[in-house]
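J.: Now for the letters of each chain:
Number of protein chains: 2
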Amino acid sequence: MSEIDRNELAHVNADLILMTQLVGKAITDATTALLTGDLALAQQVIGGDDPLNDLNAKIEDECFQITSTQAPVARKLRMVMSAVRMATSLERMGDLAVHIAKQVRLRYPNPAIPAELHETFAQMGKAAFKIVEKTGEVIETHDASLAEQIAIYDDELDRLHRELFTTVLSENWAHGVEAAIDVTLLSRFYERFGDHAVTVARRLVHIVTGEPYNR
Amino acid sequence: MSEIDRNELAHVNADLILMTQLVGKAITDATTALLTGDLALAQQVIGGDDPLNDLNAKIEDECFQITSTQAPVARKLRMVMSAVRMATSLERMGDLAVHIAKQVRLRYPNPAIPAELHETFAQMGKAAFKIVEKTGEVIETHDASLAEQIAIYDDELDRLHRELFTTVLSENWAHGVEAAIDVTLLSRFYERFGDHAVTVARRLVHIVTGEPYNR
Chain P
1 MSEIDRNELA
11 HVNADLILMT
21 QLVGKAITDA
31 TTALLTGDLA
41 LAQQVIGGDD
51 PLNDLNAKIE
61 DECFQITSTQ
71 APVARKLRMV
81 MSAVRMATSL
91 ERMGDLAVHI
101 AKQVRLRYPN
111 PAIPAELHET
121 FAQMGKAAFK
131 IVEKTGEVIE
141 THDASLAEQI
151 AIYDDELDRL
161 HRELFTTVLS
171 ENWAHGVEAA
181 IDVTLLSRFY
191 ERFGDHAVTV
201 ARRLVHIVTG
211 EPYNR
Chain C
216 MSEIDRNELA
226 HVNADLILMT
236 QLVGKAITDA
246 TTALLTGDLA
256 LAQQVIGGDD
266 PLNDLNAKIE
276 DECFQITSTQ
286 APVARKLRMV
296 MSAVRMATSL
306 ERMGDLAVHI
316 AKQVRLRYPN
326 PAIPAELHET
336 FAQMGKAAFK
346 IVEKTGEVIE
356 THDASLAEQI
366 AIYDDELDRL
376 HRELFTTVLS
386 ENWAHGVEAA
396 IDVTLLSRFY
406 ERFGDHAVTV
416 ARRLVHIVTG
426 EPYNR
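Here the protein sequences come in this chain order: P and C. The letter at position 190 of the first sequence is residue 190 when you use our numbering, and the numbering goes up by one with no holes. The letter at position 64 of the second sequence is residue 279 when you use our numbering, and the numbering goes up by one with no holes.
What the hints contain is simulated information worked out from the structure, not anything from laboratory work. For glycine and all other residues, C-beta sits at the position ideal for the given N, C-alpha and C. Certain hints may be false.
To be verified - Some chain P residues close to chain C (C-beta under 8 Å, calculated; not the full set):
| no. | residue |
| --- | --- |
| 1 | 67 |
| 2 | 68 |
| 3 | 73 |
| 4 | 81 |
| 5 | 168 |
| 6 | 177 |
| 7 | 180 |
| 8 | 184 |
As the list claims (entries may be wrong) - Taking lysine to any residue pairs in the SDA-like style, the calculated list, with each CA pair at most 25 Å apart, reads:
| no. | chain 1 | residue 1 | chain 2 | residue 2 |
| --- | --- | --- | --- | --- |
| 9 | C | 317 | C | 394 |
| 10 | C | 291 | P | 73 |
| 11 | C | 291 | P | 65 |
| 12 | C | 291 | P | 70 |
| 13 | P | 58 | C | 425 |
| 14 | C | 273 | P | 64 |
| 15 | P | 58 | P | 17 |
| 16 | P | 58 | C | 414 |
| 17 | C | 291 | P | 64 |
| 18 | C | 273 | C | 297 |
| 19 | C | 273 | P | 25 |
| 20 | P | 102 | P | 162 |
| 21 | P | 25 | P | 171 |
| 22 | C | 291 | P | 54 |
| 23 | C | 273 | P | 116 |
| 24 | P | 58 | C | 422 |
Please work from the sequences and hints to get the whole structure.
T.: Okay, structure coming up:
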């Protein structure tokens, strides 16, 4: 790979890492808005989605340009093709943070979640932030071993999602059907957020190590 | 575009169309299983997901080969790059059909949905099948005007999704919290199914007409 090639891919990588940072901020802010009922912060998350959409489009253009002008083959072509799909996954993660923020706005001035689930969603928010932070590190370092840590946070999100079902379906649930649906969908957004991060990490590991990509 | 190029892209297109057919069968069978509680049919949908995953991988490989060996540029490169992402969306639509089938299996021998929602889910199943059928036609014909029909079916799925919320949240809902969550998640799978079809159609329209791709 020539020095020029490296620099161009470095641009794409830098944009992917920037996406992970914006997504990390979005999911953290969305979670804070959810826990505090902060409408202004929810609006900020909703408005903050445009830069992510723009970055996704920019990465697609950059990869198109690299492919058009350099005719990359083998590993470099795999990296370019994967970058486009990783950007799509990261954009979708941003959308999921927006879904959470919109739920805060929909229920405002009422809280979007009952107090007894604050701790669960706080933990989901933390795991979701860590998972996208680690995803950024995988993109930056190409350290395949980080994918294992991502899988652990994803398991944590799955566990919290199941735990929430238990709470909602228990006889002690006093918040009715609408709140049950609200928190289930919210919880599913976090769970899907984790799944997308796993997809991104697996793509990179596949390129770095050549290990099969398990969908 | 040379004749050979055309043939290779024709292979990719044929595989994409095959994916739409498999996905159409999957969502129809999943809906039938949902409405009738047919466990064997649900199992068949779940087992039928492997060919879709394999086709997705095959299309990615084909596009990689075309790009490696022919260094396509301009419109052809856009088509090759988009084919990979369309395959991903179609695979995801297959996953959503599997989610529906798994819900049938989870609740068996009980029905997964109450009788009063049969008609709603029957309509969702029909709209979902039509949307993927039209998606196949767009891929086959490159007729951008079909995208409008896809948007209409997607609106229909969104409308049914909202209607279901009204049913579940009404005072007459007699099936409790668990059933409310079940049908909401199921309905969301159909809604997401439609969104993915719209994404596929928009990608193609973007390539065919050069109109901006609205994410």
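J.: Could you run down the list of hints and mark each one as holding or not?
T.: Okay, the hints, checked on the actual structure:
1. About 6 Å separates the beta-carbon of residue 67 of chain P from the nearest beta-carbon of chain C, less than 8 Å, and the hint is met.
2. Checking residue 68 of chain P against chain C by beta carbon gives a least distance of about 5 Å; that is within 8 Å, so the hint holds.
3. At a threshold of 8 Å, the smallest CB-CB gap from residue 73 of chain P to chain C is about 5 Å, leaving the interface hint in force.
4. Hint on residue 81 of chain P holds. Least Cβ distance to chain C is approximately 7 Å, under the 8 Å limit.
5. The restraint placing residue 168 of chain P at the interface with chain C holds, with a minimum CB-CB distance near 6 Å, inside the 8 Å limit.
6. With 8 Å as the threshold, the beta carbon of residue 177 of chain P comes within range of chain C, its nearest partner Cβ sitting at about 5 Å, so the hint holds.
7. Among the interface hints, the one on residue 180 of chain P holds; its C-beta lies about 5 Å from the nearest C-beta in chain C, closer than the 8 Å criterion.
8. A hinted interface residue such as residue 184 of chain P counts as satisfied when its beta carbon comes closer than 8 Å to some beta carbon of chain C; here the least separation is about 5 Å, so the hint holds.
9. Distance check on the hinted pair: residue 317 of chain C and residue 394 of chain C sit about 15 Å apart at the alpha-carbon level, within 25 Å; holds.
10. Straight-line distance between C-alpha atoms of residue 291 of chain C and residue 73 of chain P comes to about 17 Å, which keeps the hinted pair within the 25 Å bound.
11. A distance of roughly 13 Å separates the Cα atoms of residue 291 of chain C and residue 65 of chain P; the hinted pair therefore holds under the 25 Å criterion.
12. A distance of roughly 15 Å separates the Cα atoms of residue 291 of chain C and residue 70 of chain P; the hinted pair therefore holds under the 25 Å criterion.
13. With a C-alpha separation of about 17 Å, the suggested pairing of residue 58 of chain P with residue 425 of chain C holds against the 25 Å cut-off.
14. A threshold of 25 Å between alpha carbons decides the hint, and for residue 273 of chain C with residue 64 of chain P the separation of about 21 Å falls inside it, so the pair holds.
15. The hinted pair formed by residue 58 of chain P and residue 17 of chain P meets the criterion: a straight-line CA distance of about 13 Å does not exceed 25 Å.
16. A threshold of 25 Å between alpha carbons decides the hint, and for residue 58 of chain P with residue 414 of chain C the separation of about 18 Å falls inside it, so the pair holds.
17. Distance check on the hinted pair: residue 291 of chain C and residue 64 of chain P sit about 11 Å apart at the alpha-carbon level, within 25 Å; holds.
18. Restraint check: the Cα-Cα separation between residue 273 of chain C and residue 297 of chain C comes to about 14 Å, which is no more than 25 Å; the hinted pair holds.
19. A threshold of 25 Å between alpha carbons decides the hint, and for residue 273 of chain C with residue 25 of chain P the separation of about 36 Å lies outside it, so the pair is violated.
20. Proximity of residue 102 of chain P to residue 162 of chain P is assessed by CA-CA distance (about 23 Å); at most 25 Å being required, the pair is judged to hold.
21. Note on residue 25 of chain P and residue 171 of chain P: the hinted pairing is violated, with a Cα-Cα distance of about 36 Å set against a maximum of 25 Å.
22. For the proposed pair residue 291 of chain C and residue 54 of chain P, the alpha carbon gap of about 23 Å is at most 25 Å, so the pair holds.
23. For a cut-off of 25 Å, the pair hint linking residue 273 of chain C to residue 116 of chain P is broken: about 47 Å separates their Cα positions.
24. At most 25 Å may separate the alpha-carbon atoms for a hinted pair to count; residue 58 of chain P and residue 422 of chain C meet this at roughly 17 Å.
Hints 19, 21 and 23 from the list above are not met by this structure, while the remaining hints are.
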